[in-house]
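Visitor: The residues making up each chain are set out below.
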Amino acid sequence: MKPYDLIEGKILKVYQENYNTITVIVEVNLKDPRPGQFVMFYAIGRGEAPITIADYKDGFMVNTIRIVGDVTGYFDKAKEGDSIYLRGPYGNLWPIDKAFGKNLFIVSGGLGLAATRWILEEALKQKHRFKNVISLYGAKSYDDILYREKIEEWEKEIDFKTILNTGNERWKGKVGLITDLINDTDIDSNSVVFMCGPDPMVNAVIEILESKGVKKENIYISLERHMKCAVGTCGHCMIGPYFVCKNGPVFNYKEIEYFYTKKGV
Amino acid sequence: MVFKCDITTLRQIYKRLKEVYEVISPVYDNGVIQYRKNPDFDAIPFGKAQMEYAGSYFVSDNIGKYFSYVRPYNTLKNFLRPAEEVLYRVYIKDGKLYFESENKHTKKPMAFFDVRKCDLKALSILDEVFINKNNYPDEYYKELRENLFIVAVNCSEVSDVCFCSSMNVNFNNDYGSDIVLTELKKGFLLEVKTDKGKRLLEGLSLKEADEDDLKEKNEILTQTYTKIKKSLNKENLKEELYKKINHPYWEEIGNRCLGCTSCTQVCPTCFCFDIIEKNSLDGSYSERVRIYDSCFNPNFATVHKFNLRDKIFFRYRHWLLHKMAYWQDQFDDIGCVGCGRCITWCPAKIDIEIETNKVRDFA
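Read top to bottom, the protein sequences are chains V and P. According to our numbering, the first sequence is numbered sequentially starting from 1470. According to our numbering, the second sequence is numbered sequentially starting from 7.
Quick caveat, the hints were computed from the structure, so don't treat them as lab data. A hint or two may mislead.
[As the list claims (entries may be wrong)] Chain V regions said to be covered by chain P (calculated; three or more residues, Cβ under 8 Å):
| id | segment |
| --- | --- |
| 1 | 1472-1479 |
| 2 | 1508-1515 |
| 3 | 1688-1697 |
Ideal placement from N, C-alpha and C gives every residue a C-beta, glycine not left out.
From just these sequences and the hints, can you work out the full model?
Guide: Laid out in structure tokens, this is it:
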């Protein structure tokens, strides 16, 4: 099999998550996909885009796509029954075992919730293995919230909190930045953190976590970079010596900190 | 097996190569010595001398040897990983896609005639990137690579931009060549390294080399080594460069660098690429084409609207650090072989050897 061979999947369902984001359920036979990994979606004539696997079970994959670019724009018209061509899974995994016996703290911002959804579901299944599971989610506005029904389920099971940058009359919850939520949350300094969100959010959250005594080596972040080949050869996604597609997308913060915090690296 | 032969035999060897392989060798054309598909032994620029300095290149005539030029301006990656190659042709029919990939096996395998040690080392580096240290070996590269025949040539002359001796290039390593050739005062030494090499020479009237010939070869290698004036200090190179990642001097280089991508195009190890789609007007057909890309291209590191390396100095720093430091973490080797091409072809005369030494030695 050549490295760019695509396989066919079938779209079983399409949900409009919000004004610019859809979730698709794709029937596809992937080879042992795991939480943290991603696939490359192909749009004829447009190219490929890396999309995180938001969930996978028995040949059914959940993907959440923000319609922003040329390739993702193709999926705006996606409908049930359509064929979809993709390759993967690629990348490494959320190291869930590192959190066994400890507090697992999952932080996500914006579309980053898609990258943490599957690992959160896994954590819920194995709740007894952790001291506690806490999850915080920050979104721009009420209209940006993803997975509303899922969130309701998660709120019943664990300490799952949502904060919006800007509130409106329909929003009864907190308004502010995700850092405000963390300040209000009792964080055990021995927590293991899984995080995915925009770089400025990640930087701000890490600062607070450190002030609460969380060790850098217990923080894992999932990075988003321009992945073109997904197999560590096109060079586009490099950050310092790391290929995000090959060595990531999940990185131990301590390992990547030196390069992640330098501008233009 | 080590033989000695004259130019007539060399011509015969070339002729035999041509029968089986698509032979790529240096030729002189348009003022430059370049690797090219070349069926003509006489087109090899024997006797030419190559003069190269930062930002300048010229070729002059006869200095009384055959292999007196140094190495072509272009590199072997141009043949193994061409600037443009079709990965797939995609057809759409009744809502379904059909993929067709090119089968290279149907083509004549390639032979490289006259490859220098810097370029052989570069090939071994590309092998690591595309095959050996990749979880998804690149079949396109692999197919061409596995069927390759290589005639290596030991350098006896050097240019002013060469600094391979201070990089990880080993003059005594044959790097998987089938035959290694050294030009002696009289005739050529042929070291046969593989069965493929042996088979090619079968039946030719070759004289076995004696100890004096081997001694002469070793002297040539030593002399070549001492002729190289440039030297890059590799001691703790990675650690030193990492320490200097925020040094203001990068901005100084960035002010001179034009971001033209020249260095990455002539570099024998630069492997970055893009995949573009070439479509028919009605949208029913598309080609997925792999093309060269360069980390100097302004939008190379964009994520959505954000350009992570929006200044030229970020891009120059990324390139140099990749070659000299990141590569060590990625592939346990240095990504530079000291061929000096990037120095010659930099219109701003930026010299990677000088700049690397300079940055690493800052306090």
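Visitor: Against this structure, judge whether each hint is valid.
Guide: Verification of the hints:
no.: 1; hint: 1472-1479; verdict: holds (count 5)
no.: 2; hint: 1508-1515; verdict: holds (count 3)
no.: 3; hint: 1688-1697; verdict: holds (count 4)
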